[in-house]
Amino acid sequence: MSKIIEGLKYSESHEWVKVEDGIAVVGVTDFAQAEMGDITYVDMPEVDDEVTAGEEFGALESVKAASDLISPVSGKVVAVNEALEDEPEKVNEDAFENWIIKVEMSDPSELDNLLDAAAYKAQIGE
Amino acid sequence: MSETINNAELQLTCLYDRHVALQAKMSPFAGFMMPIQYNSITVEHLAVREKVGMFDVSHMGEIFVEGPGAEKFVNWIFTNEIRGFEPGKVLYGMMCYPDGGVVDDLLVYREFTPEHFLLVVNAANIDKDFAWIQEHAEGFDCVVRNESPVWGQIAVQGPAAEKVVTEILGYKEAAELGFYTFCDVEYKGKRLILSRTGYTGEDGFELYTSTEGTVELWDRLIEAGVQPCGLGCRDTLRFEAGLPLYGDELSPEISPVMAGLGMFCKYDKDFIGKEALLAQKGGEIVRKLVGIEIGDKAIPRAGYPVETPEGEEVGIVTTGYHSISLDKSICFALVDKAYAALDTPLCVRIRKKVFAGKVVKKRFYQTNYKK
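As given, the protein sequences belong to chains P and Y, one line each in that order. Final position of the first sequence in our numbering is 126; the numbers increase by one with none missing. Final position of the second sequence in our numbering is 371; the numbers increase by one with none missing.
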């Protein structure tokens, strides 16, 4: 049974979004990190890169496979979690605490296209 | 993440229920439903490198060749030389097509009964190999039997493997075996082939016996605290040790010469594929398998392009990992032979970025075999 936090928005591709002061904080879900196994590398964009909802913005690498990260929102990257460069395993330890990027949204109404906690829970079959 | 697979067509090994009970992550591999990991690939990998781990390898194929013409026949289909090779010895090599492409890579066991051989082949290739062997056995005085379904196999691997096999399983004979030799013992009245072989780069044993016996031995090893290991770390371990995987580093398109395994082909005898391999050895070869190390944590995966520093595509990655034992991103790649020399600068394109690296030796990890 994986952890799901109420009040966050979720994508079908297992990213979560938390809005803090108009900025979208993006990470991957606990379900995703458990499916991936030991995460060994987080491929992140750079600050000021543009990301687009539904498009790849980076990747998580486990021992076995690479899995694309799909941006749940569009906008400009204002921060990346540099701690993950040296300690990618933090995503395994707490996927909700260890965000990956922060995005200044160009169209906050895109958040309405995402799932709420209950709908995401249903999607992963828990 | 997953392909559509009809689970009904998948075979199960005799240890399937044990894997499910251990809550292993199961996945189809080579036509079998196999454990990929029980807990963590890293934990299982390090158990084998530092202490001991065990693998269910019951999916592997066992094909027996017997009869007055058996030696002559096996030597005709096998690239390595089995004449003068004594009972109790194990030899690695390939079966090749006439064009030098690989039917399979395999182990040949010379049994203690004269003119009896055991060929251990890859699970994915059992049917193809058996058909190939039968077809070519015509005209040789020998019989070929595929006994794969009735044999189970457990690989016990790691520096403490000898201790486990001699003390926990009680087979004192194990201590006397050199690497790539075997002996016959019994388990509950059934034959058990105790073989000092493996696919991890560490010392270890492979135990072949009846499926019922395999389940009992597995339970005893679990009870003794031996770490069960899945195919996930089997791949990371064999890769670090520079060992090829059929389908990635050897295939109908990738010959032993291209893969740098020419030492397992003996040209002072006749075998299927010899002329083609000799021509390749003499220079008729376009690509070679190399090791590449890149200076970043990004991971080169199978299928990623290999480029020169100028951006010209000259090859493709066949297997790659961020090595658990070495903490480096390394891969095997098939590249144009002009770029195969050690230290040649080569880059790997990983998604949108290009990472600089160089050609290194394929045996990334210093193996620890028993002499």
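Treat the hints loosely; a few may be bogus.
Computed list of chain Y residues with no C-beta within reach of chain P, every gap over 12 Å [to be verified]: (1) A21; (2) S40; (3) H45; (4) Y199; (5) G232; (6) G262; (7) M263; (8) K297; (9) A298; (10) D327; (11) P345; (12) K353.
Simulated crosslink set (DSS-like; lysine-lysine; CA at most 25 Å straight-line) [as the list claims (entries may be wrong)]: (13) K371/Y x K353/Y; (14) K337/Y x K370/Y; (15) K266/Y x K90/P; (16) K297/Y x K102/P; (17) K76/P x K266/Y.
Example chain Y residues on the side facing chain P (calculated, C-beta under 10 Å, incomplete) [claimed, not checked]: (18) Q227; (19) R238; (20) I324.
The set of hints was computed from the structure by calculation and includes no laboratory data. All C-beta atoms in this analysis are idealised placements derived from N, C-alpha and C, irrespective of residue type, glycine included.
Exercise for the section: Decide if the proposed pair is consistent with the structure: K297/Y and K102/P, CA atoms, cutoff 25 Å inclusive. Expected result: holds, 23 Å
Exercise for the section: Grab the minimum beta-carbon distance between G262/Y and chain P and tell me whether it stays above 12 Å. Expected result: holds, 31 Å
Problem - 12 Å cut-off, C-beta based - P345/Y kept clear of every residue in chain P - result: holds, 22 Å
Problem - Pairwise hint evaluation, K90/P against K266/Y, where the allowed Cα distance is 25 Å at most - result: Given pair K266/Y, K90/P is violated - Cα atoms ~51 Å apart, limit 25 Å.
Exercise for the section: May I ask you to check that K297/Y keeps its beta-carbon over 12 Å from the closest beta-carbon of chain P? Expected result: Given that some Cβ of chain P is not farther than 12 Å from that of K297/Y, nearest at about 5 Å, it is violated.
Practice task
Take a quick look at whether K371/Y and K353/Y sit within 25 Å of each other, Cα to Cα.
Solution key: violated, 44 Å
Exercise for the section: Run the C-beta distances from Y199/Y to all of chain P and say if the shortest one exceeds 12 Å. Expected result: Holds, because the least Cβ-Cβ distance between Y199/Y and chain P comes to about 17 Å, which exceeds 12 Å.
Problem - Closest CB of chain P to the CB of M263/Y still more than 12 Å away - result: holds, 30 Å
Exercise for the section: Hey, is K353/Y genuinely clear of chain P, shortest beta carbon separation above 12 Å? Expected result: violated, 8 Å
Practice task
With a cut-off of 25 Å on the C-alpha distance, tell me whether K337/Y and K370/Y pass.
Solution key: Outside the cut-off at roughly 34 Å; violated.
Exercise for the section: Mind checking the CB of I324/Y against every CB in chain P and telling me if the closest is under 10 Å? Expected result: holds, 7 Å
Problem - D327/Y remote from chain P - nearest C-beta pair above 12 Å - result: Violated: least Cβ distance 10 Å, not greater than 12 Å.
Hints 2, 3, 5, 8, 9, 10, 12, 13, 14, 15, 17, 18 and 19 from the list above are not met by this structure, while the remaining hints are.
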